[in-house]
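These protein sequence lines map, in sequence, to chains G and B. Heads up, our numbering is the position in the first sequence plus 20, with the first residue counted as 1. Heads up, our numbering is the position in the second sequence plus 20, with the first residue counted as 1.
Some hints could be false.
Same chains, same label: a pair holds when it works inside one copy or across any pair of copies.
[To be verified] Mimicking SDA-like on lysine to any residue, the simulated pairs with C-alpha atoms at most 20 Å apart in a straight line are:
1. Lys120 / Val31
2. Lys32 / Asp125
3. Lys120 / Asp103
4. Lys32 / Thr86
5. Lys120 / Leu38
6. Lys32 / His117
7. Lys78 / Asp34
8. Lys32 / Gly113
9. Lys120 / Ala30
10. Lys78 / Gly113
11. Lys32 / Arg97
12. Lys78 / Arg97
13. Lys32 / Cys116
14. Lys78 / Gly119
15. Lys32 / Arg77
16. Lys78 / Asp125
17. Lys120 / Gly102
18. Lys32 / Met21
19. Lys32 / Cys100
20. Lys32 / Ser87
Keep in mind that the hints were calculated from the coordinates and are not lab data.
Residues per chain, in single letters:
2 protein chains.
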Amino acid sequence: MILSAETLPAVKFDERGLVPVVAQGEDGTVLMLAWANREALLASLQGGRATYWSRSRKQLWRKGDTSGNTQVLLEARYDCDGDAVLYRVRQAGPACHEGKRSCFD
Amino acid sequence: MILSAETLPAVKFDERGLVPVVAQGEDGTVLMLAWANREALLASLQGGRATYWSRSRKQLWRKGDTSGNTQVLLEARYDCDGDAVLYRVRQAGPACHEGKRSCFD
Chain G
21 MILSAETLPA VKFDERGLVP VVAQGEDGTV LMLAWANREA LLASLQGGRA
71 TYWSRSRKQL WRKGDTSGNT QVLLEARYDC DGDAVLYRVR QAGPACHEGK
121 RSCFD
Chain B
21 MILSAETLPA VKFDERGLVP VVAQGEDGTV LMLAWANREA LLASLQGGRA
71 TYWSRSRKQL WRKGDTSGNT QVLLEARYDC DGDAVLYRVR QAGPACHEGK
121 RSCFD
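Taking the hints into account, I'd like the entire structure generated from these sequences.
Written as structure tokens, this is what we have:
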């Protein structure tokens, strides 16, 4: 199901206020799994750039602001249980902080 | 990185003993996100069928045992932080309990 400002109430956040987010590249590659709170989802939808919640830094994390490896958000979806989100993105450079295309490589 | 019985110690489980697992079909489709504990990962690796931990039923969940919609495990990977797993699977029938191919459809 398409995630939008209207469908956002369908997303169920965990006890920390977070939901897992899978980022998938245009060619289908699963690039990474990260986490988002409500604010991060809204920022992604409104700003057009994939945004997460950094659990280590405890702050919003708009992917690529530091590294330049941005993710343009092409589409956001949520699953049948409302407890997982899928970002389809146009990835600039590697997604992984270790320089690999995908964090699973 | 390839997940195997040897690399399993690299996986970090959360305070519930769980790690999120993304299941991806052969054509790249992200089918679902579910959870696994150590036992579920081992069962997947050893039995060749994608196995999860059902948080609602609180038991191992070998996908398809009830529905017939099995997932043959083609490859398992873990990410750079060791806190997410990717199953690449050959999905029989729909992955979603609502009858859709993907839980994100």
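Here is how each hint holds up against the structure:
In this assembly of identical chains, Lys120 and Val31 lie within 20 Å of each other by CA distance solely across copies; the values are 19 Å between and 30 Å within a copy. With identical chains, the CA atoms of Lys32 and Asp125 are at most 20 Å apart between copies only, with a shortest distance of 17 Å across copies and 30 Å within one. With identical chains, the CA atoms of Lys120 and Asp103 are at most 20 Å apart between copies only, with a shortest distance of 17 Å across copies and 28 Å within one. Taking identical chains as interchangeable, the C-alpha atoms of Lys32 and Thr86 are never at most 20 Å apart, the minima being 29 Å within one chain and 26 Å between chains.
With identical chains, the CA atoms of Lys120 and Leu38 are never at most 20 Å apart, being 26 Å at best within one copy and 25 Å at best between copies. In the homo-oligomer, the alpha carbons of Lys32 and His117 lie at most 20 Å apart only across protomers (18 Å), although the nearest pairing inside one protomer, at 28 Å, exceeds that limit. In this assembly of identical chains, Lys78 and Asp34 lie within 20 Å of each other by CA distance both inside one copy and across copies; the values are 16 Å within and 17 Å between. With identical chains, the CA atoms of Lys32 and Gly113 are never at most 20 Å apart, being 31 Å at best within one copy and 27 Å at best between copies.
Only between protomers do Lys120 and Ala30 lie at most 20 Å apart by alpha-carbon distance; the minimum there is 18 Å, versus 33 Å within a single protomer. When the C-alpha separation of Lys78 and Gly113 is checked against a cutoff of 20 Å, the pair qualifies neither within a copy, at 25 Å, nor between copies, at 40 Å. When the C-alpha separation of Lys32 and Arg97 is checked against a cutoff of 20 Å, the pair qualifies only within one copy, where the shortest distance is 13 Å, while the shortest distance between copies is 27 Å. For the homomeric pair Lys78 and Arg97, neither the shortest alpha-carbon distance inside one copy (24 Å) nor that between copies (27 Å) is at most 20 Å.
For the identical chains of this complex, Lys32 and Cys116 are inter-copy neighbours only, at 18 Å across copies versus 27 Å inside a copy, given an alpha-carbon limit of 20 Å. In this assembly of identical chains, Lys78 and Gly119 lie within 20 Å of each other by CA distance neither inside one copy nor across copies; the values are 23 Å within and 38 Å between. Taking CA atoms no more than 20 Å apart as the test, Lys32 paired with Arg77 passes between copies only; the shortest distance there is 19 Å, against 23 Å inside one copy. In the homo-oligomer, the alpha carbons of Lys78 and Asp125 never lie at most 20 Å apart, since the shortest distance is 26 Å inside one protomer and 31 Å across protomers.
When the C-alpha separation of Lys120 and Gly102 is checked against a cutoff of 20 Å, the pair qualifies only between copies, where the shortest distance is 15 Å, while the shortest distance within a copy is 30 Å. For the homomeric pair Lys32 and Met21, the shortest alpha-carbon distance inside one copy (14 Å) is at most 20 Å, but the shortest distance between copies (30 Å) is not. For the identical chains of this complex, Lys32 and Cys100 are intra-copy neighbours only, at 11 Å inside a copy versus 26 Å across copies, given an alpha-carbon limit of 20 Å. Taking the shortest Cα distances, Lys32 and Ser87 never come within 20 Å of each other, neither inside one copy (30 Å) nor across copies (25 Å).
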